[in-house]
Amino acid sequence: MLKALAGFIVGIVVIGLTGWMLMPQLMFSERVSPFGMEETVARIQHNIQNTGNGWALSGLRNPARAVQGDGGNVLPVLMIEACSTQYSKPILKEDTVRFLSILMPCKISIYKKNDGKVYIGTMNAGLMGKMFGPMVGEVMGKVAADQKKFLHFDPNTPAPKMITPAIPASGASIPSLGGGGGC
Amino acid sequence: MFISTTRALTLGLMLVYLPISSSLASTPATTPTAMPVQAAAKAATHSTADHSKFEALKKSFASGPEVTQACLSCHTEAARQVQKTKHWTWEFMNPETKQRLGKKHVINNFCTAVPSNYEFCTACHVGYGWKDEKFDFTAQENVDCLVCHDTTGSYRKLPGLAGHPNYQDMEYPPHSGKVVKAPNLGEVARNVGKSSRANCGACHFYGGGGDAVKHGDLDSSMKNPSQYLDVHMAKDGLNFTCGTCHATAGHDVPGSRYAPTASDEKHGAHMRGKKDVNPATCQACHGTRPHSAKLAKLNDHADKIACQTCHIPEFARGGIPTKMSWDWSTAGKLDKDGKPFKLKDSGGHDAYDSKKGDFKYEDNVIPEYIWFNGKVNYTLLDTKLDPSQVIRINHFEGSPDDGKSKIWPIKRFTGKQPYDMVTNQLLIPHTYGKDDSSFWSNFNWDKALTTGMQAAGGEFSGKFAFVATEMSWPITHMVAPKTDALNCQQCHGANGRLDKVPGLYIPGRDANPWLDKAGWSIALLTLLGVIAHGGLRYLMAGKRTHGEQE
Numbered sequence: 001m002l003k004a005l006a007g008f009i010v011g012i013v014v015i016g017l018t019g020w021m022l023m024p025q026l027m028f029s030e031r032v033s034p035f036g037m038e039e040t041v042a043r044i045q046h047n048i049q050n051t052g053n054g055w056a057l058s059g060l061r062n063p064a065r066a067v068q069g070d071g072g073n074v075l076p077v078l079m080i081e082a083c084s085t086q087y088s089k090p091i092l093k094e095d096t097v098r099f100l101s102i103l104m105p106c107k108i109s110i111y112k113k114n115d116g117k118v119y120i121g122t123m124n125a126g127l128m129g130k131m132f133g134p135m136v137g138e139v140m141g142k143v144a145a146d147q148k149k150f151l152h153f154d155p156n157t158p159a160p161k162m163i164t165p166a167i168p169a170s171g172a173s174i175p176s177l178g179g180g181g182g183c
Numbered sequence: 184m185f186i187s188t189t190r191a192l193t194l195g196l197m198l199v200y201l202p203i204s205s206s207l208a209s210t211p212a213t214t215p216t217a218m219p220v221q222a223a224a225k226a227a228t229h230s231t232a233d234h235s236k237f238e239a240l241k242k243s244f245a246s247g248p249e250v251t252q253a254c255l256s257c258h259t260e261a262a263r264q265v266q267k268t269k270h271w272t273w274e275f276m277n278p279e280t281k282q283r284l285g286k287k288h289v290i291n292n293f294c295t296a297v298p299s300n301y302e303f304c305t306a307c308h309v310g311y312g313w314k315d316e317k318f319d320f321t322a323q324e325n326v327d328c329l330v331c332h333d334t335t336g337s338y339r340k341l342p343g344l345a346g347h348p349n350y351q352d353m354e355y356p357p358h359s360g361k362v363v364k365a366p367n368l369g370e371v372a373r374n375v376g377k378s379s380r381a382n383c384g385a386c387h388f389y390g391g392g393g394d395a396v397k398h399g400d401l402d403s404s405m406k407n408p409s410q411y412l413d414v415h416m417a418k419d420g421l422n423f424t425c426g427t428c429h430a431t432a433g434h435d436v437p438g439s440r441y442a443p444t445a446s447d448e449k450h451g452a453h454m455r456g457k458k459d460v461n462p463a464t465c466q467a468c469h470g471t472r473p474h475s476a477k478l479a480k481l482n483d484h485a486d487k488i489a490c491q492t493c494h495i496p497e498f499a500r501g502g503i504p505t506k507m508s509w510d511w512s513t514a515g516k517l518d519k520d521g522k523p524f525k526l527k528d529s530g531g532h533d534a535y536d537s538k539k540g541d542f543k544y545e546d547n548v549i550p551e552y553i554w555f556n557g558k559v560n561y562t563l564l565d566t567k568l569d570p571s572q573v574i575r576i577n578h579f580e581g582s583p584d585d586g587k588s589k590i591w592p593i594k595r596f597t598g599k600q601p602y603d604m605v606t607n608q609l610l611i612p613h614t615y616g617k618d619d620s621s622f623w624s625n626f627n628w629d630k631a632l633t634t635g636m637q638a639a640g641g642e643f644s645g646k647f648a649f650v651a652t653e654m655s656w657p658i659t660h661m662v663a664p665k666t667d668a669l670n671c672q673q674c675h676g677a678n679g680r681l682d683k684v685p686g687l688y689i690p691g692r693d694a695n696p697w698l699d700k701a702g703w704s705i706a707l708l709t710l711l712g713v714i715a716h717g718g719l720r721y722l723m724a725g726k727r728t729h730g731e732q733e
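Which chain is which? The protein sequence lines are B and E, in order. Residue numbers for the first sequence follow my numbering, beginning at 1 and rising by one. Residue numbers for the second sequence follow my numbering, beginning at 184 and rising by one.
Because the hints were derived from the structure by calculation, they are not lab data. There may be inaccurate statements among the hints.
Stated by the list, open to error - Listed next, the stretches of chain E that the computed footprint assigns to chain B, with coverage defined by at least 3 CB atoms under 8 angstroms from CB atoms of chain B: (1) 496 to 504; (2) 663 to 671.
To be verified - Mimicking DSS-like on lysine-lysine, the simulated pairs with C-alpha atoms at most 30 angstroms apart in a straight line are: (3) B:Lys-161 - E:Lys-516; (4) E:Lys-516 - E:Lys-665; (5) E:Lys-527 - B:Lys-149; (6) E:Lys-480 - B:Lys-113; (7) E:Lys-665 - B:Lys-113; (8) E:Lys-665 - B:Lys-161.
Positions of the beta carbon are idealized from the N, C-alpha and C atoms, including for glycine.
Using the sequences and the accompanying hints, generate a full structural model.
Set out below in structure tokens:
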């Protein structure tokens, strides 16, 4: 009996450790971009705009510039922010899951690593959504499906122009690119 | 209480947010003019002469040479000094390879070569009037003092004027609608001073035909760099000028891309003014064991690794991308109206220009690393080439075993340019000119190559094609703060920075298979020993318990 209990506990610990170690890979994904930094950003931005479903760009952040302002260097990072009111609205309406607004707007990170390659980092919206009940799971599943479209590149189309956000004149806290409202 | 906390939080968030968002909007200035630093220069100057009080300068001037004559009335030897330098002759005889180099003789894979394009290229000559082969290199009034000593920022030498500034207001670039004001030469002459970063940068930041194009570690962001970009030249730090390292004597500026000092272990730190020693190396100030006792292990790297390798982790970090490739073979396409056109890349940089072909730009570039001993061999006009291979326009020599080489970071610039299919030699195109044969006027390669080769005194069979070429540029500026130097893991880890450098054994990255096998065998035997020992003890203990019970 004692041996069976010990085996059960060891099994749980092993599963827990495996889950713990795999979690980062499950929650986030990373892939190499076939394009340079700016072209990757531009192609994703244009894919977002062409996806429909209420998606709109809501910002483009450059955290590396902030580090430079502080006198340091990091390799380039650009974060595309996008939002769809179609998906954000049901979550923001429901008090029990409103805290998930912390995940808004949807972010895609494009960065260079020391191997000189450009990478695209995304969150696994589908898996994350499943943790918060059926409604969020359904919404985030749709977000995940659209996210795949954002990262579908057609090398035969010419490189589009990168969209740099308009800086708000004053007071506004988020640069708007035309209706990323709700996020 | 709650309200004030919320306000404080909101304010805090805004303060965090604003620098990030505004950083996206801030783009460095890209005009090739010196900064208007007249007031600052005057305030900071230690000069014992106020040129505005000089009688010879208290007048208006109609041309650059007139100004030079006034300068020479006091600085009697200055022009003769300048005329001995590479900045004037555009010639350099490499004592080791015996190759005759200098802008006058080399061919590169950017704008290619000077012959037949003098009026355009000599915008960066320290002289006036070099428009063809007949230029008088002995005339002292042809020396341009102002280009190096202007402090007003109003003096520019535009391409196409054979080294003269524009004496009339001029639209530049042509058809752009932008007007470059003619400088007030008298005002410029009365405000001369020591050369600033902007003076040197007016040419060296724009090499290859535009901002940041050629070097990768020199661009207009270095005019007033921040600490993160260059610890030596930072405007809010040491504020070095170019001349602080390239300590000039008799107008001769030390430092060379034709014969660089790859290793300065012999001389180390030395006093300024010592002859025949390059004062612009890192070791000239920092010595050969530059790290403190606490980091002494790093000093053991210094005999094989150039300082730049660790301390310039990336180049083109100032927000201005550098050109990484240039394909001349696609130049000459015209739009449906028969007009030349340009295409931009995603970042808004030229990706195609009918006049020049296809380009690729990149910023924050991770350098390539090579063994380099300071010897550079050039492919010149008379060098025979194998068009099936990538032609190295300048071949950096070096090896892990020659005792002279260090591992250096470089920018590798690739391209395609014309060569003669019969003679197997590089060709020089006549690109700029108001005549019918210049490529930028008629987009006819045959005419452009015929005229270019005639001017260069070379042979052209009439049959040409394009060959893949590459150039190497040592990376030595844009020194990052020490906290941003490469860390150990970036070389000693898997897929490290030095993976493509031959002849290296790097602990942590590399493995000896026999040593590894021996180590694993010992570990396995130890594990087996522990299991056997434990098992035996367990069995023996069981037997003892069983015996006692009986």
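Structure-based check of all given hints:
1. Only residues whose beta carbon comes within less than 8 angstroms of a beta carbon in chain B count, and the segment 496 to 504 of chain E has 3; three or more means the coverage holds.
2. Counting residues of the segment 663 to 671 of chain E whose CB lies closer than 8 angstroms to any CB of chain B gives 4, so the stated coverage by that chain holds, three being the minimum.
3. As the CA atoms of Lys-161 (chain B) and Lys-516 (chain E) are separated by approximately 22 angstroms, the hinted pair is consistent with the 30 angstroms bound.
4. A hinted pair counts as satisfied when its Cα atoms are at most 30 angstroms apart, and Lys-516 (chain E) with Lys-665 (chain E) does not qualify at roughly 47 angstroms.
5. For the hint pairing Lys-527 (chain E) with Lys-149 (chain B), the CA-to-CA distance comes to about 25 angstroms; that is within 30 angstroms, so the pair holds.
6. Of the supplied pair hints, the one linking Lys-480 (chain E) and Lys-113 (chain B) holds, its CA atoms being roughly 26 angstroms apart against a limit of 30 angstroms.
7. Only pairs whose Cα atoms come within 30 angstroms are accepted, and Lys-665 (chain E) paired with Lys-113 (chain B) is accepted, the gap being roughly 20 angstroms.
8. This hinted pair does not check out: Lys-665 (chain E) and Lys-161 (chain B) have alpha carbons roughly 36 angstroms apart, beyond 30 angstroms.
Checked against the numbered hints above, the structure breaks hints 4, 8 and satisfies the rest.
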